[in-house]
Every structure is written in structure tokens, then in C-alpha cells.
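Chain order of the listed sequences is R and D.
Under the numbering used here, the first residue of the first sequence is numbered 1, with each subsequent residue one higher.
Under the numbering used here, the first residue of the second sequence is numbered 1001, with each subsequent residue one higher.
All clues given are correct.
Within a straight-line C-alpha distance of at most 30 angstroms, the following computed DSSO-like cross-link-like pairs (lysine-lysine) qualify: (1) R:K13 to R:K82; (2) D:K1068 to D:K1049; (3) D:K1049 to R:K3; (4) R:K3 to R:K13; (5) D:K1007 to R:K62; (6) R:K62 to R:K13; (7) D:K1077 to D:K1049; (8) R:K3 to D:K1077; (9) D:K1056 to D:K1077; (10) D:K1007 to D:K1077; (11) D:K1068 to D:K1007; (12) R:K3 to D:K1056.
The set of hints was computed from the structure by calculation and includes no laboratory data.
Everything numeric in this text was worked out from a predicted model, so none of it was measured.
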Amino acid sequence: DMKVTQMPRYLIKRMGENVLLECGQDMSHETMYWYRQDPGLGLQLIYISYDVDSNSEGDIPKGYRVSRKKREHFSLILDSAKTNQTSVYFCASSRDIYEQYFGPGTRLTVL
Amino acid sequence: GDSVTQKQGQVTLSEDDFLFINCTYSTTTYPTLLWYVQYPGQGPQLLLKVTTANNKGISRGFEATYDKGTTSFHLQKASVQESDSAVYFCALVGSQGGRALIFGTGTTVSVSP
Chain R
1 DMKVTQMPRY LIKRMGENVL LECGQDMSHE TMYWYRQDPG LGLQLIYISY DVDSNSEGDI
61 PKGYRVSRKK REHFSLILDS AKTNQTSVYF CASSRDIYEQ YFGPGTRLTV L
Chain D
1001 GDSVTQKQGQ VTLSEDDFLF INCTYSTTTY PTLLWYVQYP GQGPQLLLKV TTANNKGISR
1061 GFEATYDKGT TSFHLQKASV QESDSAVYFC ALVGSQGGRA LIFGTGTTVS VSP
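Model the full assembly from the supplied sequences, consistent with the hints where possible.
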């Protein structure tokens, strides 16, 4: 069963704390993505990963970093979280450029 | 650079109404245009793909077509159901290479029974 998982699903942090969002996929897809979704702004690409240790900045990488040490696993890290990073974060993976498989999302609140 | 514009933020319908959502795009190459749908509590999923080769895509009762002359593409469904309530995103395959899609801002469709 093709699946993208995200952990945790909900997270509340205080400003200045570090945040780790984790994503896994069981489809052996080379390409993985991190997006954030905010009302009225749609899906904004944070980072794209083309394979292990092959990561590129997306449209809004500032304040974020990523790690991909295994093909099936992609992490998003917020060092010293800010209140404006409160959002819903989606991970996705794809085999081709057209169909991205999205996870269920992580709702992050930074107080 | 490449861009998509989705001006309809919200559409409210009753069951059996006709749905029409429009996007405009800008790109320097032959466009491949996509519609994604996001149901409540889920991540987006691919609904339809339209290319210059086929000009039209059909899936689950939805139809997508594009108009090169007006650089627009739209999604329509003849008779919506309450289960079609979702956010619909148009997306463009970028011309800059890589594997990033350019998403519109989304249209929230609410269908009442």
C-alpha cells in the first residue's frame, strides 16, 4: 500500500525551541518534498530532496533545514522556532514530476 | 518565471449544481497542468493531468481542459455532491527543471445537501 507517513500529527512548541518533523514513505521514491500550508497562501515549497544527501532549497527555506540519510525518510528541522512558523506542514514523495503523494500533515503551533 | 493564479478563494454550491473553477498560468514552455484535491484532514492528491497533447483530462466525474489562447485552464463537474467538498489546487509543471510543481492558492468548494 503506497503511503506517506508523518510524525507527529500535532505539535505545540514554545518560541525558541527546536522542532523535528519526520516523514516516511514506503514507495522507494527518490524525490521528497516539504511544504507548508497557510490559509490563502496555498502550498509553499520549503525544500526538495532528490535522493539521500541531495537536497535543494524551495521557495521559502529560511528558518528551516532538512536531513535525508535514508531514501525512505526525510526530516524537517526548525532550529529555534518562531511564532510565524505556526502552520500545517506536509511531506510528499514522487516517482515522476506529475504525481506527488502527500502525507496527512503535521499541525505545528509555536507559542 | 512560471506562475499560476487561482482567483476563486471560495465556492459555495448545493448538491447537483455545476462546478467551475478557473486558473490562469504563465510559462515559457508547453504547459502540463494539474488539478489536485485536498479533502478535509488529508493531504492533497492528484485529480487530473492535462497536457498539450491531450488538451483534456477526465477523472471521477471531473473534467479539466485548457485554453492556450487565454492561458487558462479550468476544472468542471456537471453535478456536485456533498462528498466533493474539498480544496482544489491547480498546479503547473515548472519550466526550470527539477521536480517542483507550482501550486495555485486553492479554491475551497463547499457543497450543501
